[in-house]
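> Mind docking these for me? Both chains are given alone in their own frames, and the hints should help you get the complex.
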Amino acid sequence: MRRILALATLTVSLAVAASANAGAKYLVFSSVDTSAHHTEGTFADARADSSDKTDITVQISAGDSGQTALFEMTDPTGQRMYCWATNAGVVQALSNANNDSRLSIDWDPTTNRCTNVSVMNDSGYSPKQP
Amino acid sequence: MTSRTMLAIAGVVLFASGGYVAGARRTPQPMLEHAASAIASLDAPSVRSIVREEIARAGLAARACPSAPASTTATVALTQPAVDPEAQAARDRETQTLVARAHDIINGALANGTWNESDRAVLRSIVVHLPQAEQEAVYSTLFPALSDGRLKPAFAGMPL
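Protein chains in written order, with the working numbering: chain A, 749 to 878; chain B, -15 to 144.
Derived from the structure by calculation, the hints contain no laboratory data. Quick reminder that beta carbons are idealized off the backbone N, C-alpha and C, glycines included. It is possible that some hints are incorrect.
As the list claims (entries may be wrong) - From the structure, some residues in chain A lie toward chain B, with a derived Cβ separation under 10 angstroms:
1. 795
2. 796
3. 797
4. 798
5. 832
6. 859
7. 867
For reference, chain B alone in the conformation it holds in the complex (with noise of 0.2 angstroms):
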């Protein structure tokens, strides 16, 4: 190869590639301009519109795929129905209900001094409806109990 073609084949690719990197910086100036002058063409009741659109789009996103970051999940439940007030409130008093049995089971307990099978058969029918903070309140009340021997498993075998 001569030295003459080994120039020119430099040449071309410094040509071509010049012409690659040019030609992605000037890419964005039009569409900024482009996109300017789009923003500036929009109305109020536009903004909003596709406003609406993208919150719609990003909602079936976050469905699609439940691993989608927080700030989409929380635009998902802006958009979900708000719960049954009725409905909620009566799982809150079936909920109490279950709490008071589970204390009442481990105060009649805690007045015998002996924690039984049965006892232990109730509670756990009843701990598993719980919300874990109402669990936990009834383990911070039986656990101590037992460990300090104010109740005493009359069985052997875990006492929950």
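For reference, chain A alone in the conformation it holds in the complex (with noise of 0.2 angstroms):
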């Protein structure tokens, strides 16, 4: 009987844990690609990579002449790019990042002007951690 319980028990904990690991999952490693432009990453894999260089930052900011906001992203390798947008549909965009987010962000060479923002929430993506 207790050979009987423990491999129910055994059976459940394993079909549970199975549940738990499903759907599919996407790692996106941070990337600056100063030729195209183009910046693309995570806020959860920037935070689990193994390079203590991996950096992704948001910042908004309001006052009198109104919204601004500031991206920052430094890849694996110590690239780092910076772009800024004071366009309200492009802070607003921004605004929505949040800590499982994923950003992809083109920018003009000339002014580092954000030109095209994309946040994506997909279950895929990791969940942020500690």
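Structure below.
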């Protein structure tokens, strides 16, 4: 009887663990492409990266003259880029970024204005790690 | 209900609705005639007076309702007092001074190749007082330099 109970418990545990790990998973490595003026990464994978250089920052400021978004990404090699935006739509998009978001950004190489911003949330992205 | 009663009810309904529709169509005619005769009797000063009254009324409505259409808002702008040119000139001079100061800070840092926390603190305090176009000019100078390595931050965190 004990053996049957133990076997049943093990089966249930395995089933629960399997369902918890189910679903698509994507690793998104932080990258800064200075020739294509494009950068991409997720906060979670940047946090979990083995390189201590990898970093993503979004800063939204508001004042009398309106809102400003500042963005920074450093990839594992130490390549860093900054871009900024005062366009209300771009600021709004960056404001929607959360700790599990994936960010994809293009910038103008002359002014470093963020020209095209995508903020994506996907169940396949890694969750925030402590 | 007999067929005669039904016929009578139908007749009353048709009479009533016909009168309503006919009345609705006839009503504008006297009004148009009245308006036409009223317009014909107006002289130039009367027309000017009416236009002034309408503009004033539209202005009050726009103030009461900020989401009024653009045409109404434009009318308000015409009736508002002009900006004091001396005050505007003083504001412009102040902005120019702040812009020059902001670019001095960035140029000074570029000469050293280092962006310090003190540079960030001073530039932050200046940028918040600048109009958007001048802010953008500052960002367009600072962020390319930080990105291509002409300026290296000497501290952790955002440079502005």
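> Are any of the numbered hints broken by this structure? If so, which, sorted upward?
1, 2, 3, 4, 7
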